[in-house]
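S.K.: Below, each chain spelled out in residue letters.
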Amino acid sequence: MAPLIPQGFINPDLSLFFAFVIGLGFGYVLEQGGFSTSRKLAGVFYGYDFVVLRVFFTAAITAAIGLLLFNYMGWVNYDLLYINPTFLWSAIVGGVIMGFGFILGGFCPGTSMVAAIIGKIDAMLFILGMMGGIFFFGAFYNTFEPLYNGSALGSIFVFDSLGLPRDLFLFLLVVIALAAFIITRKIEDKVNGIQSEKGLFHSSYVLPFAFMSGLALLILILPDQPKAKWYESDPESLLVEVVSGDRYMQPEELAYKILHPDENDLVIVDVRPAEAFRQFRLPGAINIPLDNIQSRENRRRLKNTGKEILLYSHGSTSADQAWMFLRRAGLDNIRVLKGGLNNFFTGFFAEQEIPASGKYSEKEQFERRFVERAAKAFREGEASRKTPSAAQPVRTLINIQPPAAGKGGC
Amino acid sequence: MNPYLAGFLLGMVLLASFFITGRGLGASGAAKSVVIESIGRVSPEYAQKHPFYASFFATGDGRPMKNWLVYLTLGVLGGAFFSGFMSGRAGLKIDKGPRISNRTRLIMAAAGGFLFGLGSQFGRGCTSGAALSGMATLSSAGFLTMIAIFGTGYVIAYFFRKLWIS
Numbered sequence: 000m001a002p003l004i005p006q007g008f009i010n011p012d013l014s015l016f017f018a019f020v021i022g023l024g025f026g027y028v029l030e031q032g033g034f035s036t037s038r039k040l041a042g043v044f045y046g047y048d049f050v051v052l053r054v055f056f057t058a059a060i061t062a063a064i065g066l067l068l069f070n071y072m073g074w075v076n077y078d079l080l081y082i083n084p085t086f087l088w089s090a091i092v093g094g095v096i097m098g099f100g101f102i103l104g105g106f107c108p109g110t111s112m113v114a115a116i117i118g119k120i121d122a123m124l125f126i127l128g129m130m131g132g133i134f135f136f137g138a139f140y141n142t143f144e145p146l147y148n149g150s151a152l153g154s155i156f157v158f159d160s161l162g163l164p165r166d167l168f169l170f171l172l173v174v175i176a177l178a179a180f181i182i183t184r185k186i187e188d189k190v191n192g193i194q195s196e197k198g199l200f201h202s203s204y205v206l207p208f209a210f211m212s213g214l215a216l217l218i219l220i221l222p223d224q225p226k227a228k229w230y231e232s233d234p235e236s237l238l239v240e241v242v243s244g245d246r247y248m249q250p251e252e253l254a255y256k257i258l259h260p261d262e263n264d265l266v267i268v269d270v271r272p273a274e275a276f277r278q279f280r281l282p283g284a285i286n287i288p289l290d291n292i293q294s295r296e297n298r299r300r301l302k303n304t305g306k307e308i309l310l311y312s313h314g315s316t317s318a319d320q321a322w323m324f325l326r327r328a329g330l331d332n333i334r335v336l337k338g339g340l341n342n343f344f345t346g347f348f349a350e351q352e353i354p355a356s357g358k359y360s361e362k363e364q365f366e367r368r369f370v371e372r373a374a375k376a377f378r379e380g381e382a383s384r385k386t387p388s389a390a391q392p393v394r395t396l397i398n399i400q401p402p403a404a405g406k407g408g409c
Numbered sequence: 000m001n002p003y004l005a006g007f008l009l010g011m012v013l014l015a016s017f018f019i020t021g022r023g024l025g026a027s028g029a030a031k032s033v034v035i036e037s038i039g040r041v042s043p044e045y046a047q048k049h050p051f052y053a054s055f056f057a058t059g060d061g062r063p064m065k066n067w068l069v070y071l072t073l074g075v076l077g078g079a080f081f082s083g084f085m086s087g088r089a090g091l092k093i094d095k096g097p098r099i100s101n102r103t104r105l106i107m108a109a110a111g112g113f114l115f116g117l118g119s120q121f122g123r124g125c126t127s128g129a130a131l132s133g134m135a136t137l138s139s140a141g142f143l144t145m146i147a148i149f150g151t152g153y154v155i156a157y158f159f160r161k162l163w164i165s
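Chains A and B supply the protein sequences, listed in that same order.
Under numbering that gives the first Met the number 0, residues 0 to 409 are what the first sequence spells out, in order.
Under numbering that gives the first Met the number 0, residues 0 to 165 are what the second sequence spells out, in order.
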């Protein structure tokens with residue numbers, strides 16, 4: 000059922016209200032966590048106070064585990080979450096600059112807001128400086144642009160980058176965080192000249208330890224998804240749909256839409272292998288081979304088009320398989336070209352039999368004219384046999400994407 | 000407040016944010032909206048033609064301030080003020096290390112803010128928007144930014160120790 004706003008469960012106009020309410024919680028917890036003092040924040044770099052590290056890591060891991068559990072239970076559709084896109088060098092350079100800013104300023108943007116509102120003058124100066132920095136970036140945007148938009152790797156996941164299974168990565172992350180909690184406690188006690196406890200466990204982190212390790216273990220040992228998620232179609236209703244055949248689009252309807260771009264609201268998806276697509280394709284079609292249709296990225300993009308999707312293959316089999324998968328994954332508004340390309344061509348390119356009488360009825364004449372016109376248009380247009388060449392630009396899903404719904408986090 | 004409890008609660012706020020809106024938290028975005036709105040007021044033509052600013056006038060009814068992150072930050076201000084006021088921490092004050100003057104502290108705070116503002120544009124978010132929210136969704140960008148911020152901090156901390164420790 001979630002995320003609620005992207006799914007349309009909550010009016011987008013209300014999202015600003017929710018932003019305010021979430022902000023209240025964010026601000027309250029940051030202030031209570033002690034993030035309103037620059038000296039405390041800077042302590043993480045000098046070993047006298049590691050509160051930042053404790054709060055930051057606990058929060059990140061709690062949310063990460065929570066999201067995966069919600070996803071497991073089927074309460075959140077991970078495909079619809081905003082995953083920060085990775086621009087390799089821009090992220091590194093930005094992080095390094097921010098590291099300098101952290102040491103000099105003693106705040107990060109969120110904490111400076113928290114500190115400024117309760118009267119910290121240094122935080123107010125920090126915010127003014129921050130606006131100056133943003134203005135500076137905008138003023139020299141043309142210089143920065145190649146770095147800013149360069150080395151784009153898309154919305155990739157860290158466990159994929161590291162080549163680890165997701166759940167194992169999360170488990171290791173929890174172990175690392177817990178180890179860091181113990182080590183930083185020892186360092187902190189030493190720097191501040193406090194007698195450290197004998198045992199490894201400090202009473203303040205026994206509970207979070209048990210809780211987080213428990214959840215991480217749970218994720219690690221849980222079997223694969225037990226049941227359909229809420230947004231997935233259940234098998235019974237899917238079966239009814241399969242039998243009904245409502246998904247099929249007749250070749251005539253498709254031809255009409257291709258010939259009348261104004262009335263064409265279709266995203267035409269060719270599910271044949273890329274090689275076959277390069278040799279021949281319907282006008283305006285994009286290629287997602289059947290093997291790739293299951294990828295998260297493709298599913299999300301198809302869902303985001305907001306248009307009717309038409310699948311086709313040589314016959315109907317591959318397209319039907321793709322239809323079945325996408326329907327099960329919760330996409331609706333998907334059609335399949337009846338009989339596939341083969342049927343489409345018999346309809347438009349094969350010689351028509353002339354009736355024995357030698358005359359067409361009015362209706363037949365009308366249909367014939369349409370067929371001839373379509374065949375002519377297709378022969379002259381894009382739908383003619385093409386020699387395979389690598390240079391030919393292949394239209395991909397990215398080209399038809401509407402602009403991203405939300406811009407990045409901070 | 001116990002830092003682990005605070006972290007857990009912050010994690011819950013973050014989770015609620017994802018659950019309701021599909022995205023995480025952010026803070027520098029609001030500052031950005033203020034900057035862009037100001038530029039739009041001063042010179043609408045420049046802002047509309049600028050490749051970086053123009054997209055912000057294309058969304059939210061063309062008003063950069065009608066933005067999710069702006070309202071989030073308004074909430075942050077409200078929540079923090081409530082917390083600080085109730086705990087008796089509100090009041091004009093400058094926090095600094097023992098060895099520097101107020102003037103040095105304020106100059107350094109502004110300089111640090113400048114760098115953070117600049118860096119958060121490259122990083123597509125700050126510690127909350129890029130690092131924290133990015134780590135919660137296990138995105139590579141989140142971990143990369145987090146490591147770059149804190150890694151740099153530790154590497155250079157020694158050279159700036161005069162600012163913070165005696």
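Because the hints were derived from the structure by calculation, they are not lab data.
Hints are supplied without guarantee of correctness; some may be wrong.
[Said to hold, decoys possible] No more than 35 Å apart at the CA atoms, straight line, and that leaves these computed lysine-lysine pairs for DSBU-like: (1) K185(A) / K92(B); (2) K161(B) / K185(A); (3) K189(A) / K65(B); (4) K337(A) / K302(A); (5) K39(A) / K48(B); (6) K306(A) / K65(B).
S.K.: Checking one constraint from the list: CA of K39(A) to CA of K48(B), max 35 Å. Satisfied?
M.R.: violated, 43 Å
S.K.: Given the hinted pair K189(A) and K65(B), is their Cα-Cα distance within 35 Å?
M.R.: violated, 49 Å
S.K.: Do the alpha carbons of K185(A) and K92(B) lie within 35 Å of each other, as the hint requires?
M.R.: Judged against 35 Å, a Cα distance of about 31 Å means the pair holds.
S.K.: Mind checking the alpha carbons of K161(B) and K185(A) for me, to see if they're no more than 35 Å apart?
M.R.: Judged against 35 Å, a Cα distance of about 24 Å means the pair holds.
S.K.: Would you mind confirming whether the straight-line C-alpha gap from K306(A) to K65(B) stays at or under 35 Å?
M.R.: Status holds; Cα separation ~28 Å.
S.K.: Starting from K337(A), check that the Cα of K302(A) is at most 35 Å away, please.
M.R.: holds, 22 Å
In summary, the numbered hints that this structure violates are 3 and 5.
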